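Trainee: Generate coordinates for the entire structure from the input sequences, incorporating the hints supplied.
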Amino acid sequence: MNADRVLVEAVLARRAGAFERLVAEHQGLCWHILQRLVRHPEDTRELCQETFLRVHQYLHQYRYESALKSWIGRIAYAVGLRHLEKKQVPLLESDTGEATDLALLQESDGFDLEAAWADAQLRERLHAAIDALPAVQRTLLTLYHLDELAIPEIAQICGLPAGTIKSHLFRSRLRLRELLQNRFGVSA
Amino acid sequence: MTTLPPLSPEQEREWTLQQRAIDIEGGRADAENVPASYRLVARALREPLPLGLPDGFARRVARRAERAALLDARWPQRWIVVLLLVLFALGVAGLVLEGAGWLAGLLATLPSLPRVVNGWGLLLLLGIGAAHWPLGRGASSGKQ
Chain A
1 MNADRVLVEA VLARRAGAFE RLVAEHQGLC WHILQRLVRH PEDTRELCQE TFLRVHQYLH
61 QYRYESALKS WIGRIAYAVG LRHLEKKQVP LLESDTGEAT DLALLQESDG FDLEAAWADA
121 QLRERLHAAI DALPAVQRTL LTLYHLDELA IPEIAQICGL PAGTIKSHLF RSRLRLRELL
181 QNRFGVSA
Chain B
1 MTTLPPLSPE QEREWTLQQR AIDIEGGRAD AENVPASYRL VARALREPLP LGLPDGFARR
61 VARRAERAAL LDARWPQRWI VVLLLVLFAL GVAGLVLEGA GWLAGLLATL PSLPRVVNGW
121 GLLLLLGIGA AHWPLGRGAS SGKQ
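If you read the protein sequences in the order shown, they are chains A and B.
Residue numbers for the first sequence follow the working numbering, beginning at 1 and rising by one.
Residue numbers for the second sequence follow the working numbering, beginning at 1 and rising by one.
Think of the hints as simulated: they come from the structure by calculation, not from any bench.
Note that this is a predicted model, so its numbers are computed, not measured.
Some hints could be false.
Restricting the straight-line Cα-Cα distance to at most 25 Å, the calculated cross-link-like pairs of lysine to any residue (SDA-like) are [what the hints assert, rightly or not]: (1) A/Lys69 / B/Leu51; (2) A/Lys86 / B/Leu53; (3) A/Lys69 / B/Gln77; (4) A/Lys69 / B/Pro54; (5) A/Lys87 / B/Leu49; (6) A/Lys69 / B/Leu124; (7) A/Lys69 / B/Pro50; (8) A/Lys69 / A/Leu84; (9) A/Lys86 / B/Gly52; (10) A/Lys69 / A/His40; (11) A/Lys69 / A/Val8; (12) A/Lys87 / A/Ala67; (13) A/Lys87 / B/Gly52; (14) A/Lys87 / A/Glu46; (15) A/Lys86 / B/Thr3; (16) A/Lys86 / A/Pro134; (17) A/Lys69 / A/Ala150; (18) A/Lys69 / A/Arg82; (19) A/Lys69 / B/Gly26; (20) A/Lys69 / B/Arg64; (21) A/Lys86 / A/Ile75; (22) A/Lys69 / B/Arg46; (23) A/Lys69 / B/Val82.
Mentor: This is the structure we're talking about:
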């Protein structure tokens, strides 16, 4: 029996400490999704709590069709999106279909990676640029890079087609590289 | 949400470089032929987000969820008790308000009862009782 099934059955059987273990295992992913979507620590904490209360309420409906991680992630993502929609925050840019002109962006660059990484100001600006991306794009980047989820897993969480996720990842990373080239004086 | 078009061959090449930068930064590939800007982006994206959840978050949420579930389970039982009490109260109120009328109506029908239970009616009732008597006795003895 896999670990997800053991844990879910323990929670459903109301075994002591089982749900606490479930929360402890998945709170990191939940935090990543909600923090990237809403960016407000206090709201994120409340939404994380709301997510796990829903998980507890609806766990009997979990059918093991996806990993428990993806199922919980989907609930967190839905909770976060609903919060943003209530606040009328745009989730995606209207011109997401337009990519940066690759001809203007050269592949090769002549700077030292470690020296650039040691530049705290440059890193700060890069993080600010990630933070300035639209809510869905920065969430996709975090799920892919930080949580190291595969595109099909992210598709299960966000309900977006795999090709669309790939396009968002591509365009967001391209834009970050473009910022490095244009704004921060990194010669490309 | 909008479905984006697939990447062009030129964009696919850029995508490949982006992916190779991830593999290098993740220690899964040698650092060859990938410009520094790709790796810088990949490295920044891998930087952990500070977890802003308080200590004991899991324990607190678990307690709250279990308490909420307990309340959820008790509500239907409480509603049944409340409904039964309301029905009982309505019955008592009905008896108090209309009981005298109902009793008078019942008593008014009583004189007609002897016509039912005498003669053929009485015989029929006795016949039904006699027909079921051995059956009931057999069933009760079968149980023993």
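Trainee: Next, verify each hint and record whether it holds.
Mentor: Hint by hint, here is what the structure shows:
At roughly 18 Å between alpha-carbon atoms, lysine 69 of chain A and leucine 51 of chain B fall within 25 Å of each other, so this suggested pair holds. This hinted pair checks out: lysine 86 of chain A and leucine 53 of chain B have alpha carbons roughly 23 Å apart, not beyond 25 Å. Between the alpha carbons of lysine 69 of chain A and glutamine 77 of chain B the distance comes to roughly 34 Å, so the proposed pair goes past 25 Å and is violated. Between the alpha carbons of lysine 69 of chain A and proline 54 of chain B the distance comes to roughly 21 Å, so the proposed pair stays at or under 25 Å and holds.
The straight-line distance between the Cα atoms of lysine 87 of chain A and leucine 49 of chain B is roughly 24 Å, inside the 25 Å bound, and the hint therefore holds. Between lysine 69 of chain A and leucine 124 of chain B the alpha-carbon distance is near 74 Å, which puts this suggested pair outside the 25 Å criterion. Pair hint lysine 69 of chain A plus proline 50 of chain B holds up; C-alpha atoms about 20 Å apart against a cutoff of 25 Å. With a C-alpha separation of about 22 Å, the suggested pairing of lysine 69 of chain A with leucine 84 of chain A holds against the 25 Å cut-off.
A threshold of 25 Å between alpha carbons decides the hint, and for lysine 86 of chain A with glycine 52 of chain B the separation of about 23 Å falls inside it, so the pair holds. Taking the CA atoms of lysine 69 of chain A and histidine 40 of chain A, the gap is about 23 Å. The hint holds against a cut of 25 Å. With a C-alpha separation of about 12 Å, the suggested pair lysine 69 of chain A and valine 8 of chain A falls inside the 25 Å cut-off, and the hint holds. With a C-alpha separation of about 31 Å, the suggested pairing of lysine 87 of chain A with alanine 67 of chain A is violated against the 25 Å cut-off.
For the proposed pair lysine 87 of chain A and glycine 52 of chain B, the alpha carbon gap of about 22 Å is at most 25 Å, so the pair holds. Among the hinted pairs, lysine 87 of chain A with glutamate 46 of chain A is consistent with the structure: their alpha-carbon atoms are about 15 Å apart, no more than 25 Å. Between lysine 86 of chain A and threonine 3 of chain B the alpha-carbon distance is near 23 Å, which keeps this suggested pair within the 25 Å criterion. Taking the CA atoms of lysine 86 of chain A and proline 134 of chain A, the gap is about 16 Å. The hint holds against a cut of 25 Å.
Between lysine 69 of chain A and alanine 150 of chain A the alpha-carbon distance is near 12 Å, which keeps this suggested pair within the 25 Å criterion. A distance of roughly 20 Å separates the Cα atoms of lysine 69 of chain A and arginine 82 of chain A; the hinted pair therefore holds under the 25 Å criterion. In summary, the hint linking lysine 69 of chain A to glycine 26 of chain B is supported, as the alpha carbons are separated by about 22 Å, within the 25 Å threshold. Between lysine 69 of chain A and arginine 64 of chain B the alpha-carbon distance is near 21 Å, which keeps this suggested pair within the 25 Å criterion.
For the given pair, lysine 86 of chain A sits about 17 Å from isoleucine 75 of chain A by alpha-carbon distance, which is consistent with the 25 Å threshold. Under the criterion of a C-alpha separation no larger than 25 Å, the hint pairing lysine 69 of chain A with arginine 46 of chain B is consistent with the structure, at around 19 Å. The straight-line distance between the Cα atoms of lysine 69 of chain A and valine 82 of chain B is roughly 41 Å, outside the 25 Å bound, and the hint therefore fails.
Figure legend: structure checked against the earlier numbered hints; hints not met, in rising order: 3, 6, 12, 23.
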